[in-house]
Amino acid sequence: MLIKAFVVGGLICVAGQLLIDLTKLTPARILVTFVVSGVVLSALGLWQPVVDFAGAGALVPIVGFGHTLAQGMERAIAKEGLTGIFSGGFTACAGGVGASLIFGFITSLLARPNSQS
Amino acid sequence: MKITRNEYSDMVKKASPNSPLAINCLWAFVVGGGICVLGELLYGFYRNMNFINSDARLMSSITLVGLSAFFTGLGWYGRLAKKAGAGTLVPITGFANAVVSPAMEFRSEGLITGVGAKMFIIAGPVIVYGVLASVVYGVVLYFILPNMR
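Protein chains in written order, with my numbering: chain F, 2 to 118; chain L, 154 to 302.
Since the hints were derived computationally from the structure, they do not count as laboratory data.
Even for Gly, the Cβ is constructed at its ideal location relative to N, Cα and C.
If you anchor each label on the Cβ, the simulated ranges turn out as follows: (1) R30(F) / N206(L): 31 to 39 angstroms; (2) K236(L) / T27(F): 12 to 20 angstroms; (3) E262(L) / L3(F): 38 to 46 angstroms; (4) E81(F) / L285(L): 13 to 21 angstroms; (5) A79(F) / A175(L): 44 to 52 angstroms; (6) I265(L) / A79(F): 33 to 41 angstroms; (7) Q49(F) / E262(L): 37 to 45 angstroms; (8) T84(F) / K236(L): 40 to 48 angstroms; (9) T84(F) / S261(L): 37 to 45 angstroms; (10) L174(L) / V8(F): 13 to 21 angstroms.
Only pairs whose alpha carbons sit at most 30 angstroms apart, straight line, appear in this in silico DSBU-like list of lysine-lysine: (11) K235(L) / K271(L); (12) K5(F) / K236(L); (13) K236(L) / K271(L); (14) K5(F) / K235(L); (15) K25(F) / K271(L); (16) K236(L) / K25(F); (17) K235(L) / K25(F).
Please work from the sequences and hints to get the whole structure.
Now the structure itself:
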């Protein structure tokens with residue numbers, strides 16, 4: 002499973018690198034493209050098989066974030082119906098975004114910005 | 154000295170450091186794949202601690218985000234990113250880096266208009282369009298698919 006995760010995750014990153022080098026897309030646009038692709042692939046039922054095959058190799062790349070969003074939407078609609086359309090996406094991404102917000106805030110208080118360079 | 158646009162772009166090409174595509178892709182593959190292996194190892198660790206499947210995935214994501222914030226704070230993640238390119242951008246750690254970096258950088262502009270306002274300056278669009286895409290999927294699931302059966 003570790004080897005599968007390495008190869009699949011690595012290949013997804015190579016796809017991102019090709020976008021950077023060949024299209025001059027900015028990193029923000031690449032991240033947006035990958036997340037939206039993840040939602041679409043997951044909605045079409047194409048991403049879960051990749052997750053079953055490669056585990057973290059399919060979930061750690063930001064495409065997996067889109068997959069999590071789509072799955073969260075499915076779950077929210079099954080559970081709540083109409084209101085799930087409004088809550089599903091944010092509920093699904095709350096853990097990752099919340100962690101980024103919390104650790105980002107703490108780091109901004111503790112770290113010196115000039116150590117960034 | 155007059156130069157045409159073509160001559161100028163040739164000069165730019167000569168002056169820029171060449172970034173061979175194959176080497177960039179190799180870096181992205183090894184580092185990106187490595188971060189995914191770390192995610193899988195963390196998942197195994199949390200499964201051993203008796204987290205259920207989905208919670209173990211969430212905990213490993215949160216741990217990766219925390220590690221990314223820590224190494225971004227030290228300035229190590231940015232240094233690795235210069236070599237690894239998409240290998241550090243595409244994994245969830247790159248998303249965390251995109252949140253932590255501006256939060257640190259704009260700390261000098263204050264907690265509200267600096268950290269608070271700028272924290273999601275890069276990651277914000279990812280959340281906006283990711284959630285919107287999932288809403289489109291939700292509309293299809295709720296309104297369209299049931300009426301097609």
